[in-house]
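S.K.: Now for the letters of each chain:
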Amino acid sequence: MKPARAAWIASALLVALAFGYPLYFLLVTSLQPEGQGLDAGSLARATHFENYAHALAQMGDFPRLLGNTLLVTVLSIAGQLFTCSLAGYALARVRFRGRELCFALVLASMCFPDTVGAIARFLLFRALGLVDTYAPLVLPTVLGGAPLFIFLFRQYYRSLPEELGEAARVDGCSHFAIWRRVMLPLSRPMLVTVGLFTFLATWNDFWAPLVYLLSPEKRTLSLALAGFQRTYDTAVECLMAASAVVLVPCVVVYFVGQRLFLRGVRVAASKG
Amino acid sequence: MRGRYHARNVERLAFSAGRGKLATLAVLACAGFGERAQAAPRGDRLVVMAEQQVLESWPLLEEIARRFEAAEPGLEVDLYDEGGAVGGRDKIKFLLAGELQVDVARIDISEFAAFVREGALVDLQPFADADPDFHAGDIWPFALDACRDARGHVYGLPSTFTPYVMYYNRDLLEQAGVPLPRADWTWDDLLAAARKVTRDTDGDGRIDQYGISLTQWLQAVVPWIWQNGGELVSADLQHSRLGEPEAVEAFEFLHRLLHEEHVASFDASFANQISQGLFQAGKAAFYGPVGYWETYRFRSISGFRWDVAPLPQRKTAATSVAMTVYVVPRTSANPARAWRFLREMVGPEYQTRLARMGNGVPALVDIAHSNAFLKPDVPPQSEQVFLDVLPHARLLPPLANWKKIESLCQSELEGILLVRDTDVPAACARMAAKTDEFLARERVRGERPRAPSGVLETSLAASAIALAAFLLLRRGRREGPLARAEARSAGRLLAPWAAGFLLFLLGPAIGSLLLSLCDWSPLAPLADARFVGADNFARLFHDGTFASSVRATLVYAAASVPLSLALALGLALLFSSEGRLAASVRTLIFVPAIVSPVILGALWRWILDPERGAANALLAKFGLEGPRWLLDPHWVVPSFVLVSLWSVGAQMLVFVAALQSVDRTLVEAARIDGAGRWRRLLHVTLPQLSPVILFNAITGTVAAFQVFAQPYVMTQGGPGDASRFLALYVYETGFLHFDMGYASAVAWALCVLLCLALGVLVLSTRRFVHYRAGGGAA
Amino acid sequence: MTRLELDRISHRLGTTQVLREVSLAVEHGEFVTVVGPSGCGKSTLLRVAAGLIEPDAGALRLDGVEVNGWEPRRRDVAMVFQNYALYPHLSVERNLAFPLENARLSREAIRERVRASAELLGLGPLLARKPAELSGGQMQRVALGRAIVRDPRYFLFDEPLSNLDPRLRAELRVEIAALQRRLGIPTLYVTHDQAEALSLGSRVCVMWEGALEQVGSPREVWERPTSTRVATLLGSPAMNLLRLRIEAGRAVLGDLRLEVPPTARGNQIVLGIRPHELELGGELQLQVEWIEEQGDRQVLEGSVGQQRLRVVGALGNGLKPGSSIGIRLGSARRHWFEAGSGKRIHAP
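Chains A, B and C supply the protein sequences, listed in that same order. Position one of the first sequence corresponds to residue -2 (our numbering), numbered consecutively onward. Position one of the second sequence corresponds to residue 40 (our numbering), numbered consecutively onward. Position one of the third sequence corresponds to residue 31 (our numbering), numbered consecutively onward.
Since the hints were derived computationally from the structure, they do not count as laboratory data. One should not assume that every hint holds.
Residues from chain C shown here face chain B by an in silico Cβ test under 10 Å; the list is partial [said to hold, decoys possible]: (1) Ile83; (2) Glu84; (3) Asp93; (4) Gly94; (5) Gly99; (6) Trp100; (7) Glu368; (8) Gly372; (9) Ile375; (10) His376.
C-beta atoms are modelled at their ideal positions from N, C-alpha and C, and glycine is treated no differently.
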């Protein structure tokens, strides 16, 4: 083995250690005996797999939680991809007065912190009668979309040759048809990236479900996870076990997603 | 023809790739599920907001609810979960602001006065008077009195509560030959005992066994002041008394324990629920002042015997009480029925069973004295202590804005307790001055005209006008038919975004701008908002907390953005290859970015623990003495920078993607030109990546300015105001201090600062960013 | 029968006037080429014709009907792009079928027409491939196929051959010409390659800064360029333009006194002479500064007095930069232009 390769592997292991530590920590803690807190996390005692059963039992109706979370996540992703790519295309390739203004608005809306808009938004959803539904969790992504992703899509579409859209237009497509038949199939790397980030954000989102969901049967996983932190009896090992259960899908989605994503990028790059 | 064409496209879109089903589902999710909440307040429904303080309490509450339903036919009791200890308390504020029906809720006693002042609660006195079965004497008098307003009307019933006591490690004290604390032990006894216990057991030159693990939040510190004959505020609640000698002495005593005698440890500085403390590890003789909840956590201790004792005394005996109160919010549909449910919750059965679960001291005197609470067979042995101290137990002053005062004091408090060289009297004087200043301003804010009409309506009208003006402006231009057709299709494509932008961004933004001109507590109806003009913005310039928030935010952004960029880029360069190992490492790098902030916060708090954390243990291996991290005002922001470095996964992924599409020919050309690895990176690869670097810098800056979850979970803004980042301050001001107008002003300040920062970033890097022809970022 | 008519088309992009009152008609079956330097507005002109850009002023007519406001899909036009603009995610077959699908043809009709045009262009074996798997020539053939498959009312070509190597370029040039002749569809073809413009077009338009400098048959624009701009654009190497003083009714070139057209005014005039029409061995001494070898012939570049000159000829070996050689105008056609405006001075 060349020394350069050995050094690379060493650095890979080091980085893996540094960044993999929370995962290790999470898993080991989740297997500790009851009441140990975080400190006593020793690998030797990490044998209490029953914590997972307890954690699942405490979360309540796990399939239902999972179903709720998936519903919210899938709707958000679909809405996000639809809205952002559509808006990104319009901002990149349709010529109209006010395009720069719209784009500036997209960029500006990145700067506005959510924290205080929250109460006004809550009043709005209240006025629409949508509190205790999934609409407040899903609608802001379905409509509106995240400005960051609109920006990403716009940049991506601008990097595609302009003639592609012109050809499709000459070939008889409306802008909507160009978006759907040419742009969308070509933006797979972007779709995967944005889908990935939306998935992670929605899956872990805690504040919106906390504020908007009332009925216990509508709870999402992140909310159930928060329920483990109780004033009197936070059971750390069960909290960690539940976190692991919630985390694993994220890691899997990421692992699969990044391969798809990178492959997509390579295909796009090779096309020139 | 064209219409049909378009319609068919839409149809095909809707039904391709299963999106049709999704759309249907979305409609169902919005419409179907919405039915219940949309309904106007209904008398045949009782909405109860409750938290699971202990796991088993929820089924019990459900049982009560079902029985209540059975007793009143046609009634439906809905139990809503507050959603955990983190943030759960704020849910009721949203519901009140939204005028949603809630019949029974639970609030912390420290927020009680604010709720009463804003008219957020129903006066329960008439129901109490009319209820023949209600005997005020059954309930601990001090607890019930805390639920009364100035006129003596009852506005709520106490839930379980807990006085602050001292936990002690019996074995450790006996080994050290120290007498166990008696009911009338004193500060001097504590100090003497602590001195004897404190030592370096493993001979590494560092103390690892402490006399006391000292709790340091205000409610835990206040008893020391009271014991010394001091007060927080004057009897008329108009002036701070923290600057007086009694209070100063108390603070000096604590400072002495920590920094001169070195017999006290810091490990309990924040409400550190997840980490096992020194006491639990058998490394501290005393732990406190702290409440009953720890008995629940300590039940699993098997290595030593432990018990509880009253707090030590000085001039007098005193302790503070943590308590939550069941109340009937103003949005209740049927307060009479809500009162009956309240009575169930404070009734003998529920209280008995809660006591058995270990959920604090029961509100009913008789049950507190029964074995359901005293549990002779379960540690601690001296549960009686929790009852014995009650005659000296006091609540925090019933000030409507107590939370704000608490946070003003907390910052100085942490300065006193954590920093060795603090001038304690001066800090106390500052604490008092800040409080006085705040109280004075509160007196002035009083009678101001109400906002002319509802803020929401105005904001919606304003955004509609803005939209109309925008459309009119565009209409005014002369355009050909083709351009008009383009504009129309652009309009269609942008419609979903535009709708969302107007509804969920511009609307709320304008709403918050209007709010920033008002004085409004989220507990009160929106119509009660008072118009105060630019006052809130003027306040920004005199607000020391705001200034330190700005400083902390700027320092954090200035450090974390470039460092994260460099780290993400470095990692991407190292691990952008396609091999399995690289992919796995990349996945691992991503993990910290996707772990829930709550978990991550707990983990980091533990890693950065100065005494036992992994970070300092690692540094010690290299012979370095680690800093005090989150406990040191100078290190807390760097600590958060460190945390942010751990979450570079997303940025790295974007870089990896960009690296894989770097033009290889240029790199090869440079190689042929004899450029070394480093020069190739600097002059070929980086310029090609520059748009992506800028992109990551922008998103990183946006995220850095809005950092919230980590400080919220890890430090709550401390020590002092050192980590009270702007977004956190906005949240605290709005939802904890009930000052939504000022919070909006701070949010707008944050927005302006961020825009400035982005402007500087974009303009100053313009020269270094190279776009490929026709190419773009990412 | 289609007649495409551009009537005083003007367009502005930002502050630059890209098109200035361009008028041009393409008759049925006609092949019109537009040649001009990059940035002269020829691509914009094409996009206006396609309906991708709406001009600020002027009218576009198809068989006399104004179509300014028509979207491209209503105009029934086909366009071929320099970078082929094939849809990378679709196979060759789907690329060919793409416009037909938009036109809502039946599946059988689509298959039939795709097959026919694939056959016409020899694309049969490539149908299943993706564009990334094709060579440049193949890609442009597919793009051609996608254009003809619909049987459009008119064709637009935007420098379709610029990305190809010279051999392929020549080959495809012939193919395009033959195809167009066969289909008889009016064609507007934009290029910056003068040879292409001259060889393909039945009419050639020379464009300069957004305006048409000259429109005429290939012979006409070659033999009688109406301005120095046209003169320099056509021909490689470009025409020599010598700015000469007029003394006593004659233009002064070294020792030569050349007769100028009687209509010439002023005391300056520009003489244009094509490099390959100059003859070697004569009264003008050319200081050779650079020799460009072209195999069968050489291009000499140098100066005569103050004037820069290029000469093409078969010189054989021995000549080195720095030496001088005699040349003469001989029978070379002399083009006279006004010194100020660069306009051709027509002999009466």
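S.K.: A closest beta-carbon separation below 10 Å is what the hint needs, so does C/Gly99 meet it against chain B?
M.R.: holds, 3 Å
S.K.: Does the CB of C/Ile83 sit less than 10 Å away from some CB of chain B?
M.R.: Because about 8 Å separates C/Ile83 from the closest Cβ in chain B, which is inside the 10 Å limit, the hint holds.
S.K.: So, as I understand it, the hint says C/Gly372 touches chain B; can you test that by seeing if any CB pair is closer than 10 Å?
M.R.: violated, 33 Å
S.K.: Is the interface hint for C/Trp100 satisfied, with its Cβ closer than 10 Å to some Cβ of chain B?
M.R.: Holds, about 7 Å.
S.K.: C/Glu84 was flagged as interface toward chain B. Is the shortest Cβ-Cβ separation under 10 Å?
M.R.: With a minimum Cβ separation of about 4 Å from chain B (threshold 10 Å), the hint on C/Glu84 holds.
S.K.: The hint names C/Gly94 as touching chain B; please verify it with the least Cβ-Cβ distance against 10 Å.
M.R.: violated, 18 Å
S.K.: Hint validation: C/His376 versus chain B, beta carbon distance must be below 10 Å. Holds or violated?
M.R.: This interface hint is violated because 40 Å lies over the 10 Å limit.
S.K.: Quick check on the hint: C/Ile375 CB to chain B CB, less than 10 Å?
M.R.: violated, 41 Å
S.K.: When the nearest CB of chain B is found for C/Glu368, is that gap smaller than 10 Å?
M.R.: violated, 38 Å
S.K.: Hold the hint about C/Asp93 up to the distance rule: shortest CB distance to chain B must be less than 10 Å.
M.R.: Hint on C/Asp93: violated, closest Cβ of chain B at ~19 Å, above 10 Å.
Violated hints for the displayed structure, listed by number in ascending order: 3, 4, 7, 8, 9, 10.
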